[in-house]
Structure formats: C-alpha cells, structure tokens
Amino acid sequence: MSTNAAVGTGRDVFIISNSVDELGGVTTWSHQLARMLTERGHSVHVLGICDTDTPADLGPNLPYPTTTLHPGKVPSPFHPRGVKQRLKVSGYARNAQREAAIRGMKTKLEALFAAARPGAMIIVTQVWAMEFVRLADRRNIPLIGMSHESYEYSKDSSRFARVKKYYPEADRLLLLTQEDADLWILEKLNNVGFMPNPLPVWPEVPSKRETKTVACIGRLDDQKGIDMLLDAWAVAAPQAPGWTLKLYGRGEDEAELKAQCTRLGLDGSVEWMGQTSDVPGALRDSSVFVQSSRGEGFPLALLEAMAFAVPCAAFDCAPGVREIIRDGVDGLLAAPGNTAELARQLVRLTSNQDLRDRMGEAARVNVARYSKETILEKWEELFALLER
Amino acid sequence: MISALSTPDVSVIVIVFNDAERLPRAVQSVLDQTLHSVEAVIVDDCSTDGSFEVAQRLAAQYPGRVRAFQLPENSKGCGEPRNRGIAEALGTYVMYLDSDDELELNACRNMVEAAERTGAELVSGLSTQIYIDTRNQREQPWYRWLYQRHQVLEDVAELPDLFVFDTLSTNMCYRRDFLLDNKLTFVKGLLYEDLLYSAQAYLAADRIALIPNQVYKWYMRQNVAKADKSITNRRDEIRNFSDRIEIHRRIDALLAEKGKTGLRRHKDLKFLKHDIPLYLREFPQHGPKWQHQFAELSREYLATIPYDVFDECQPVHRVCAYLLIKEDWANLLPAIDWLRNPRKTPMPLVERDGRIYFCAEHLDDEVGRRMLDVTEVGFQARSLGESMLRTQLLSWEPQDGNAVRITGRTVNALGLIPQKAQLSGRLEVKARRKGLQTFSFPVTSFTHQGDYVEWESTLDISRTLRPLGLVDTIWDVWLNLGVDKQRTRPPLSVDQLDLDGVFAARPRLTRLLADRLEPEVSRPGHLAFQLTAVGPAASKGRGLLFDLMSGPVGSPLKRSAKRVLQARRDLGAADTKVGWYHRAMTRMPVKKGLVVFESHLGKQYSDSPRAIYEEMRRRGVPFHAVWSYEGTKPPKGFPKPGKDVEVVERWSWPYLYALARAEYWIDNQGYPLALRKRPETTYIQTWHGSALKRMGFDMAEYRMQPRHKQDEYQQALDRFDHFVVRTEHDVDTLVRAYRLPESKVLRVGYPRNDALVAARREEVLTGKRERGPVAKELGIDPARTIVLYAPTFREKAPELVLDPVAFAERFGEDTTLLVRSHYMQRLAVPRTLKGKVVDVTDYPDITPLLGLADALVTDYSSVMFDYALLDRPMVFYAYDYEEYAGAARGTYFDLREAAPGPFVETQEQLFDAIEGVRNGADADAEKRRAFASRFGEYDEGRAAAQIVDRFFGPAAGTQQKGQQA
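Taken in order, these protein sequences are the chains called A and B.
Our numbering numbers the first residue of the first sequence as 2 and each following residue consecutively.
Our numbering numbers the first residue of the second sequence as 43 and each following residue consecutively.
Bear in mind the hints are in silico, worked out from the structure with no lab data behind them.
Keep in mind that the hints are not guaranteed to be accurate.
Said to hold, decoys possible - BS3-like cross-link-like pairs, simulated, lysine-lysine; straight-line CA separation at most 30 angstroms: (1) K156(A) <-> K719(B); (2) K604(B) <-> K165(A); (3) K472(B) <-> K368(B); (4) K476(B) <-> K619(B); (5) K259(A) <-> K312(B); (6) K118(B) <-> K230(B); (7) K189(A) <-> K751(B); (8) K735(B) <-> K156(A); (9) K259(B) <-> K156(A); (10) K156(A) <-> K619(B); (11) K634(B) <-> K645(B); (12) K165(A) <-> K259(B); (13) K751(B) <-> K165(A); (14) K719(B) <-> K85(A); (15) K230(B) <-> K315(B); (16) K786(B) <-> K818(B); (17) K604(B) <-> K166(A); (18) K675(B) <-> K368(B); (19) K476(B) <-> K634(B).
Could you build the full structure based on these sequences and the hints that come with them?
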C-alpha cells in the first residue's frame, strides 16, 4: 500500500453513524469532525444508516456530501418465541424486509469503498451502525470504531455486549480517554485506543465572572441528574446568598423537576431558562458552572465552560470528567451521587472570588489541549499508524 | 509489502529448535500482524528435524518479509539464536518469539504506538499462558496486576514488581539501537538467560512503557512427562539451580554497580518467597547428594541476604529458608509439608514466654528465635477440628499383594491431644472425584508419645475397596481421628518413604477395565492409590475403552453426557428457578396459614422474625411455618423440622415454592430481589436496626443509578406491605430513603427488643441482674463482669484493634470479654484465655448476648440502639470514625456528639473506659436515657404481641386486608 496518495490530495474519509442528522451529541461531533477534516483537505463523506424521527438542523450548504444508506427505517429483527409467535407471518415478512434493506446498504457501501482512493479511512461512530458496516467488504480500508461514552456507562447497557461482539474486527476502537480504553483492553479487546473530543469553538471573549450566577446546561432528564443538583443546591443556596442557579435545557422530566424545586423551597434561587441557542451568551453571563450527571463520556459542556474561563464543579462520574477537570487546580470534583459534597464545592466557589478567578483562568489555559488543531493532529497520526 | 531494502518497523526474531511442525504457525502470527511493516527473522538452533528447511521455504514464499538463518552448531539454549537474530535484524524495533508460541495480532501495532507516543526504549505487554491440554484451553494471564493500565516508568525502580517478577524477554518490544548501544546480549552457557537479560534491559532503559494489551500467546501443557519438560522446567538437575544462583549473583552485581539497593531488597524477598520454595516443594523426591548440593548453594547465597528481609516474609518461607541454611533435615521436611499445605499444623510446636516457635532446636540462638517464631500464624487459636495435624507415614509393609500394614504418627500440636484423651480412628480411602464411594479401615492401636500420637492399621485394600473401575481412578487416603468428642481429618504425608507393592483390584463394573491398585504420591505429597491395568485382559480392555471413547462412538456419547450435565446445571441456575417461580408456582393457590420466615438472609434463626415466630407459637396460633437458611445445612439454633415447621435452604426449590404460595412473608432484610410478591401475600418487613449510616436512596451509589435500575430496586422495596419502626428517627431515615408511603409504617417497636425491655423491667423491679442459661451455655462464671465487644462489619478487615491477650492481662481476674465479630474478620482468641475472652461470633442470636453483657463496646453497629434499652454502660470504640463517617456514604447524625458513653479511639483509652465501667462510674446515664427514648420510643416490650394481635389474632383477617393499599 502506498502512503503518498494521502499526503498530496487528502484522504477519502467515510464517517458513518446511525443517521446523518439525528439530534444529539454524536451528530454534532461527527459533523464537526467532518468539517475539520474537510478544512484539512480530506474528502469527507458523511453516511447514515437510516432516517431519524428527531432530526437536527444541520444548516444549509454542508461542505461535504451526506448519504442515507437506507431512507426510511430498518425493521428490527424478529426472533419468534413460543408457538403463537412462530405463526406470525408479519414477523417473517419483517425479517425479509430487513434482509433486503441490509443487502441494499451492503451494495451501496461496497460501491463507495471500491471507488475510494488508496489511503481511505472508515470511521463508524456508533455501535448500531457498526452492525451493518461490518457486513460490507471494505477492501482493506482501515475501520475505526468509536464509543462516545464511558466504560461504566456502557456496562449498564446492551451496547456492552455488542461492542465486545462487533469491535474485535475493527482496526481501532476509540474511547474518549486512556482510562476507558484500558478498561476495554482488560475485556480482552486488543485494538483499543482513545481520542478526546475537540473543543468546537475557541471564544475570544471569556466570562468576566461578575454575575452571581451558577449555570447548568443539559437536558432535563435522568442522565443529567438535575434531581441531584437540586438536592445539592438546597444545601448550598442558604450559604450562597444572592446567587442564582440558572438551568438551561428542556426534557422529559421538566415538570417533575420543577415540582421538586418548589418542594425544596428553591423557587427563589433557581431560574428555569429553557433551551438556549446562545450557549456563549449563557456562559459569559455566569461565574460558576455545575454538572451533576449520572453518566458522561467526554462532556462538551465542561470543555466549553472552561474555555469561557468559568470554573466548574462536577460529579466525578466518568474518566472523561476527571480527564478534563484537574480537581483543585482548574475546577472541583465531588464523589458521584454525593450531593452534600457537590454542595460543599459549590459553596467553595460561590463564596470565594479569588478561587473562582484562579480556577477560571487556569481552566481556560488548560483546556486548550483539546483545541481543534491538537485533536486533528492526533487523527492524522492515527491514520498514519493504521497504514503502516 | 515491504521491499528488502526499506526498514521495517519491527523485526520479530523467531527462534526454533526441532519444531518444524509449529514453526509456520508462529511465523504466520508475524505475517498476520495488523501492523504491516513487520519482518520475521527465523534463527534455527541447528535442528535435526528439518526445521531449517521449513524456515527456508517460508523465506522463499515471503521474500522481503521472512528471512531464515541457522547456527553452525546447537547452542542448547535460547540466548545464542536470539543474539544471532539481533545481529541480522533490520527493524527499528525488535521482539522475540519462540517457535511454539504466537504473537497476538495487534501486538506490534500496540507496542510501536506506545513506544512512539512515549519515547520509551522498552515496551512491555501482557503475556498469556494458554494450556493446550485443558478442555477449554484455559488461559492464565502472566502477572496481570502489572498490566492493568498504560503507564510510563522513567526508572524501573518505580515499579519493583516489574523488575522482580516479569523476567521474560518475549513479551517485550525493544528499540534496536537501544540494544546495540547498550551491547545487550544473552549470556552464553547458562540457563535462565532471560532473567539476566531482562534485568539488564530494565536497568539500561531510560524510559519503559507498560501496556495492558495481550501481546504474547504462550502455549503450555499442564501435564508434562518428565522427559518432555522444557529446559528450564527441569528442576531435578542441580545445574538448574546452580545456574539460577549464578544469574542472581550477576544481577546482584549489576544492581550494586547501579546503586539500586531498593530493587535488591525486592529481589531478595522474591527469592525467599518464590525461588527457594519452587525447589523445596520437590526436595523430598531428590537424593541425598542433590539435597546436600542444594543446601550448600542456598546457604552461600542466602548469606548475602540481610535478616530483616527474612522478617518481611511469611513465617513459612522464613522457617524453610532458615532450616535449609542449617541443613536441619528432620525439621525441614515438616516445614516443606507446611509449604505445600499451608493449612496444616506441621509440628508439635513449642511455647516459650508467650511466643510460639516452630521447633525446640536453634532457640538458644537469637537469630534462631527470630526465624522460627510462628506466633503470628495463629496455630494457638485453632481447635482440634480446625487443625489439620500433620500425619506422617512411618512404615509401609505390603502383605501378599492384597493388603498393606502401615504405621504413622500424628503431631500433637500444643497439647491439643491430651494424654488421657479417648482416641479412636479409621483410615478413609475416598475416590477423588466428588460424590463417589468411601471405604474405611480401622486403626488398630494408638500410642500417645507426648509430642506425637503413633498408630497402626492394616489396609486389606484388595478385599474391601471395590472401585467402579471407570471414573474413580484416583483414591485419596485420610486419617479420621477422634479425640474425645472432637474429630480431625488429616491426609497422610509420604515424605521420603518408598511405596512399593501392587494390589489386586476388583472393579465393580468389570475387571476388564482395571486389575491393580498402585500406591502413589499426590501433588501435595500425600498417600493415594491409582487404579491401573497391568494384566493383558485388563490393559487391552482399558485400551479398547479409551480408543472407543475418543473414536466415532465416543464423541456422541460424550456429547450427550455433557448435555445431561449441562441440563442438570441449568436446572439449578437461578434464572431457571426464577422463571418457574413466576410462570408456574405463583399461579398455584395461596396456602392459608403458610408463613415464611427469614432472618439476615437465612444466616441465623434470630432477630424479630424469631420473636414473632415464638410469640405465635406461645399463643398457639394455627399456622405452618417455613424457616429459610443459607448454606448446605441449617446453622446452629434453627428449629427442628416437624409437622408444622419446615426448614428449607435459601434459593432451593422448596424455598421458592413456599414463597410463591405463602400467605405471609416475614423477614428482616429482604427476600431475593428477583422474586415478585403476589398481591395475595402480605409482607411484614421487620428490618434489622436503626440507621446511623445513610441507607437506600440516601446512598450516593443508588442515587447515581440510571432510572431503570432505580425503578427495579424500588419495585423490590415496594414488595413490603408493612415496615416495622421503633422510632420516628426510622421514619425520617429508613422509610424516606426506601421511599415507602406512610401507610406502610408499623409503629410498634422491634419484636426482638421485647426481651430487652422485659429484662430491664425485671431488673428495676427486683434490683437484680439475672444471668440466665446463656452464661452457663458459654461456660462463663455468672459472678464475673461481662463486656461485649460487637463492632460493625467492615469491607476491609482491619488489623488487630483489640488485643485479647492485653485485655486478659489487665482485666482477666474478674472480667470476661465476649467478642462478636464477623466471620471474615474474627479475632484469633488464644485457647489459653479460656473464660476470659470468649469468641461468640458463632452464637446464633445476639439479643441474649446483649441481655447477658454488663457493658457494651461497639463502634457504629446498630446494636447501640437496642442495647440502650437496657440502660447499661456503653463505650464507643470508634478508631476509624473519620474514615467511616467521612466516606462517600455519610451518616445521619454525628455519633461523636450523640454517643451516650465514652467515645474513644485507641486501645489505651478503651481500656481506661472499661476500667471506669468496672468501678461503677456512670457519668453518661442521663445522656443514655435520652438516647434510648430518642431511638426507641416505640420499643415498649409489646412489639411481637401487637403484630401477632393484628395479623394473626382473632380480629385479624378483616383488618389487614384493608391496610394493604
């Protein structure tokens, strides 16, 4: 295999996800990577397995092509159990449809791979997508699989078994941190590496940390653990007079959480801001950032807050979190689920301007290690390694 | 494909000697590497089986990727071929591979990536031993603990275990210029060249990277005939040991030169713990010449190890090394037996000035005393039943091919077998495979000789022992020795005795399978018999059978046998049981009057469920009780099964069946979470103690669980229909943390505490403290003061925090300490402290012990809340309070403030507090009463009565149904 082709005119890179435009972190991330690689001179093609019910607005004029391999839905497989189900004709019809869909995708993928120039790379961002991509003949093009969540969080989900089943065939399985990668290696996957998420934008104007505002940006659902944040705030608020907790986001638990807030008597110090399209504005308007998630991968929210020089307090719920925040240096961590400790950390930050300034400025300096340029360089190194 | 001219990333040096068959597999594992830029350099150590021809063929087949070389003459080792390989290698990096092993497919890529990312000269990864002669190719990672994560060492001294343990050279990747610059080569003419090579490489490297990835597949056999053993595994030639010592000396010189005294110490320790025992285990099988040479070599080398390194070893290693230096064979043999069987009591032992020594010899010397002190092992705390007394075979006299007369002696350790004891015994010969037959042979005579008991027996083995002939090939022999009412069951150590003779065997199936029993020595050095086929009929029959089993008839047979076994296992699996429970059992009608009881997950017959059960019996309520227990047989104290009470094993079929059909569930902790409760069943959860530490959803770990897990847990909690509380504190903590509705709260107090309230009342009334039958049962003089020490369970067993000997010294005259710990972390109470310190861990129920104790010492255990009802002094020995309360879990209140008694943190303070209690000082009486009413407001002595009234009394039935919503 020759390596020269890639250097001059760039590589053909396929980024394949469940859908091209499903609302969520993976889509944001994959289009960001696509843009970065395109800017570098690579020819990127973003692929989705099928359509999604919750599309995100990607904006007009993407600088790279996108393709949905199977417009519509891929029927889920039918595994009959018991006599009654075995007689269900519709089930078998569904399986036939599914197989036809898979055949169609396989043909399309193989045509794309066959047309790719030497030096091409395939990046599969999600486990479900991998189940289909692996079936196609990829003609020695290196395949990079990804898992955008922590090892622990995978472990509680069906993805754990599926990663173990489908990823040994990949050339590389990328986790978000070395710590997560090592845990997967101990599960006897020997092709594991890691790749941190890049910081999307570098803000020219950081927060001045002049308002008495603690910000939290995240969906109002179970994973983000807002219920625990409210419990912590109930302890911290009396010790942080004049401070307001601003919650940005919406989600399925909104009503329940608002009821909890009222029950805890926090209506005076909590503001429900709803979904925001102006994250920079929200961060510039705050002096402390808080995250109380049950599970995270490599949380973008923390990266962004730190880039805006806002010091963070967070549950140490995943390797990605302790990788980003250096506890006591550029932010404060609390043991996962220990709301009393999170409250203590919030009080430390809200009551001490000096500490806020020191940690906020340190955060902005330190988080630069996840700049677009640095991360892109790591991708180039990985491509080169997979070709040797 | 790499051209011959370019530099490959990695050269893998594959060495081969007479292994033409497996060489291609090894080379293929190089060619298949995910990193493409890899070459294989084959070096043949002058094989005679055509290995070199195979190598040349591979080179011709893969030009530019495989090259083949041959040494002019055989070097009898691995070093020379590897040295040649280095000379020929072209790659930036070098790895070594043996012809019978394989590289993991990503090995080179992972190694090179780590080397380039970190700039390390040496990268080491995980090697996995794979046993090819085991059924499922059993895998054993080599020193996994060193390879848990990626790490970078600037100096090998940062991780001494790496230097000391991982001394292979095959799981490493070296930068070639690093090897050349440092002139690293394998030493010639010595075994264990790897050891020296890896030491040199570790010490020369400026940076070492470790990766947790598996890189090397090391194929091994579990059962190797002597002749086949690889060169270094043959420990029976003295050269093997002398070479090892020589290698160690050279490494020591290197360490001295580099000033690495810390590493030397680690290496010495490993030498004592691993190297010496490795040879000692086989010591008894060697001839006197080898033994002498071995001792000479060891003594010289051990003299270079300072005594304080010996102190760090486990006693067994220290004793062995010392006796070896002394060439004290008589005492060394039992020490080796102990080394091979760590649970054994190997010697009569000697007690001097409160210390226990291995033997009486060498004690006049201070070093001898230091080396032979085995007090910390705790032999002195073992009862006869807990001791496996070394029993040595003294003579072996075969009689006419049918029987053998044997004599033996059993050590009488620390006088466990009194002179006047009634001795009885038999030899048991038992098939090694579980669940088959056992045959017994009486011991014909015993002679008590002080330190030993000698015995003799005749095994008329041919007449009595009837093997099946097929699955019971190996038979182990045990002495079953009765001393008064206690029994012990040691195996028979053969040591250096010659076992001759062959005995006729009469298999039950057919004599065509086997016809002889031959004595043999088992792996740990004990007497056993093996069933063999010697006569022509038997050997043909056996041979035929084995051929058949491995042939076309055997495979389906074996397969169906496996299926039957698997089905049997599946039937016992929890999933199957839960399935049947939900699909079938819970659809049967509920059985009126069936009540299932459980206490502490079946570990005891105790606590509130017991109190309710006994109250129901007292009242003569008509009901059918089922008590569950954990383990294979009911622990002490459980009721005798009868017409209206059953005792069933937890998770057994009858247990599930009872739960499925019960009208009531009564327990104090929780029935298996996977089991749903049907709505017709009423669940009375009595709980097992008020809370100091956060519980349920107040615990961070439960709070952090994703919603579906929380819901699952909540569902299990929602099975409770009634939750017993003894105070509003319980409502604020437990009830809230388990998210139970107010309607389920049963404010009646704990039934288990009725007895305590009654005892207190009695005491106030009569002004007298009744000891009751418990004191007698435990053999405690009722006139003595009794202190109960009941600490809470800890995940990590702490080191000794209360020295029973010191307690007895200070208070032994008139005070008894009862110690109730947890099985995992029990104190070793020496037998000499009888009556002064009593281990009551096994006593089934704690409530009677609380009633017995004049004072309680605890830390954070919930017994503090119960004991307060007695209004007797309490001492809080909270030596790790900060750690306990400060941990992520946290507490509901600050014990330091609330404790109704002295709060102490050292043994000194504790003893002073106990002194105070003995002198009748009671400064905290008022605080204690406040504590009792705060945490026991509903404990009024009628809890069991109220519960029975409500659910099983005459007016029940109508009432309880309404409460369920």
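Quick rundown of the hints versus the structure:
no., hint, verdict
1, K156(A) <-> K719(B), "holds, 29 angstroms"
2, K604(B) <-> K165(A), "holds, 27 angstroms"
3, K472(B) <-> K368(B), "violated, 38 angstroms"
4, K476(B) <-> K619(B), "holds, 25 angstroms"
5, K259(A) <-> K312(B), "violated, 62 angstroms"
6, K118(B) <-> K230(B), "holds, 10 angstroms"
7, K189(A) <-> K751(B), "holds, 27 angstroms"
8, K735(B) <-> K156(A), "holds, 28 angstroms"
9, K259(B) <-> K156(A), "holds, 27 angstroms"
10, K156(A) <-> K619(B), "holds, 25 angstroms"
11, K634(B) <-> K645(B), "holds, 27 angstroms"
12, K165(A) <-> K259(B), "holds, 20 angstroms"
13, K751(B) <-> K165(A), "holds, 22 angstroms"
14, K719(B) <-> K85(A), "holds, 28 angstroms"
15, K230(B) <-> K315(B), "holds, 28 angstroms"
16, K786(B) <-> K818(B), "violated, 42 angstroms"
17, K604(B) <-> K166(A), "holds, 26 angstroms"
18, K675(B) <-> K368(B), "violated, 48 angstroms"
19, K476(B) <-> K634(B), "violated, 41 angstroms"
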